[in-house]
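Peer 1: Here the protein sequences come in this chain order: H and C. The first sequence: position 262 = 262 (this note's numbering), numbered continuously. The second sequence: position 86 = 86 (this note's numbering), numbered continuously.
A hint or two may mislead.
For the chain C half of the interface with chain H, some residues (derived, Cβ under 10 Å), not all of them [stated by the list, open to error]:
{"id": "1", "residue": "SER26"}
{"id": "2", "residue": "GLN27"}
{"id": "3", "residue": "ARG30"}
Computed footprint of chain C on chain H, listed as stretches where at least three residues anywhere in the stretch have a Cβ under 8 Å from a Cβ of chain C [said to hold, decoys possible]:
{"id": "4", "segment": "75-89"}
{"id": "5", "segment": "186-198"}
{"id": "6", "segment": "268-278"}
{"id": "7", "segment": "328-341"}
To be clear, the hints were calculated from the coordinates, so they are not data collected in a lab. Note that beta-carbon positions come from the ideal geometry of N, C-alpha and C, so glycine has one too.
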Amino acid sequence: MSQPEPRVLLVITVYNGRAFVPQCIESAMRLDSTGFDLDVLVLDDKSPEPGWSVDLEALCGKTGVGYYCTPRNLGIPRNVSLGMLAAIDGGYSHVVISNSDVIYASNAIAQLLGACLADPTVGSATAWSNNVSLYSIPNSDPDLHLADQQVVDWIGATLAGSYGTTTVNIPAGISFSIMMPVAAVRDVGVMDPVFGRGYCEETDWSIRSRALDYRLTLAPGAFVYHHGQGSNGEAGLVAAGHTTVPANEAIIDMRYPLFRSEVAAFTACGILQELHERGVEELVRQSGRQFGYVIQVGWLPRITAPDICHVLLNPAVDVSAAIARFRGFEIPIELGDDPAAAIRDFFGKEPTGLDLLSRGPFTQHLRAEFRFDVEFAPMYPERV
Amino acid sequence: MAKTATTPESRVPTVTSDDLDRINLSQALRDFEVANARVVDLTARLTETHQRLVNVQHELSLTRVHVGDLNAIIETQRGAAQQIVDLNNELAAIRRSRSFRLAVHMSRVARRVMP
Chain H
1 MSQPEPRVLL VITVYNGRAF VPQCIESAMR LDSTGFDLDV LVLDDKSPEP GWSVDLEALC
61 GKTGVGYYCT PRNLGIPRNV SLGMLAAIDG GYSHVVISNS DVIYASNAIA QLLGACLADP
121 TVGSATAWSN NVSLYSIPNS DPDLHLADQQ VVDWIGATLA GSYGTTTVNI PAGISFSIMM
181 PVAAVRDVGV MDPVFGRGYC EETDWSIRSR ALDYRLTLAP GAFVYHHGQG SNGEAGLVAA
241 GHTTVPANEA IIDMRYPLFR SEVAAFTACG ILQELHERGV EELVRQSGRQ FGYVIQVGWL
301 PRITAPDICH VLLNPAVDVS AAIARFRGFE IPIELGDDPA AAIRDFFGKE PTGLDLLSRG
361 PFTQHLRAEF RFDVEFAPMY PERV
Chain C
1 MAKTATTPES RVPTVTSDDL DRINLSQALR DFEVANARVV DLTARLTETH QRLVNVQHEL
61 SLTRVHVGDL NAIIETQRGA AQQIVDLNNE LAAIRRSRSF RLAVHMSRVA RRVMP
């Protein structure tokens, strides 16, 4: 007898957010659901902005996703719980809890599902993102470089190619975009309403699930762009200059006195740094391979085209590494004795062009190596 | 960068608004029960803690009185000790004085000449 096809309910919790929710819903409708059923439910937590709930309901109807507006404001934890319970009631196998200030890579849910199915002890799989607490992939300006569906799709495809359905154990899940098997939700229960309007409720849920021997994981092969603090900013939940709610952190500290030391141990073990370095390296390498790369010799980067990779060599002769950049991702390339060979090896192909902003040994070396028909073209860097 | 994905035209879940109303209400009642139980529990703890606080404050007041008594004794003893020091200093001064040393000398001489 064949296994029934997995059924996934994607729950998008909304509180105001006219500026970003439509893009999120559009992104949810583009999600690839090959091999499983995917339904989308927008849970409007009684948004107070006049007219927004009516517009949102119309948008959901037009787009083809489910919409429900609760009669009274619940706060994030209880709104999330409603989504979890809806998944149980609807007979779904997996539920994804998601913020509404996100853009999903088209393969994100498939990747999360793969991560959950690969190991039956997985209790939650958190997607990887530019903004996912301490797990975030470093990027110089995510809102400028990444907030685009096509870019997010490409990052998702690249990371999926690199990591597959690998999962990494983490101290706590982050509910900006987290998948839970419904069986785990049945065992662990829903979010604790003691966390009021929200923050830290998923940490509490995570630790409760781990107590029942479920694994808390990050799925680096599933990418979701996260603007961050969209709904929470709208709700005034987080004070200016803060990224969390201290009163809720105090509850976690009281209930789980060892939690902070577990986070410190996780950070110190080095897996996070390895994930970051490998992820960024793969993104930069693949951008150069797929879209081409330009080598620049100059003191400051000059991004001539955002869709290709730029490799900056400092004209100083004692510099040991070039910096490769693509859409805010940066990685050093060790140059060794033969800079041209090192760069060629990194990308596995020839550069698309040379951009010579300065004369010097590097310039001569690169012109001789790559034989581009370019002239020395001193220009002021963009910043100037 | 575009990737072709197979997506259906509708992704409306099987749970309806009526279902969600039912689930929402049912969970709200459970949340209320939990919250109410927590309030009852916390009120009991608060009452107990308050009683403990009153007891501790009483003990603190008694301790303060006791400490006051002890301080008074210490001050008295400190005064007596100072007196002893002063007397010792006076005695040393007498011993160093010319008349005392003369008296000591005279008594030695007297002890020698008188059988």
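Peer 1: For every hint, state whether the structure bears it out.
Peer 2: Going through the hints against the structure:
| no. | hint | in the structure |
| --- | --- | --- |
| 1 | SER26 | holds, 8 Å |
| 2 | GLN27 | holds, 6 Å |
| 3 | ARG30 | holds, 9 Å |
| 4 | 75-89 | holds (count 6) |
| 5 | 186-198 | holds (count 3) |
| 6 | 268-278 | violated (count 0) |
| 7 | 328-341 | violated (count 0) |
This entry does not satisfy hints 6 and 7, going by the numbered hints stated previously.
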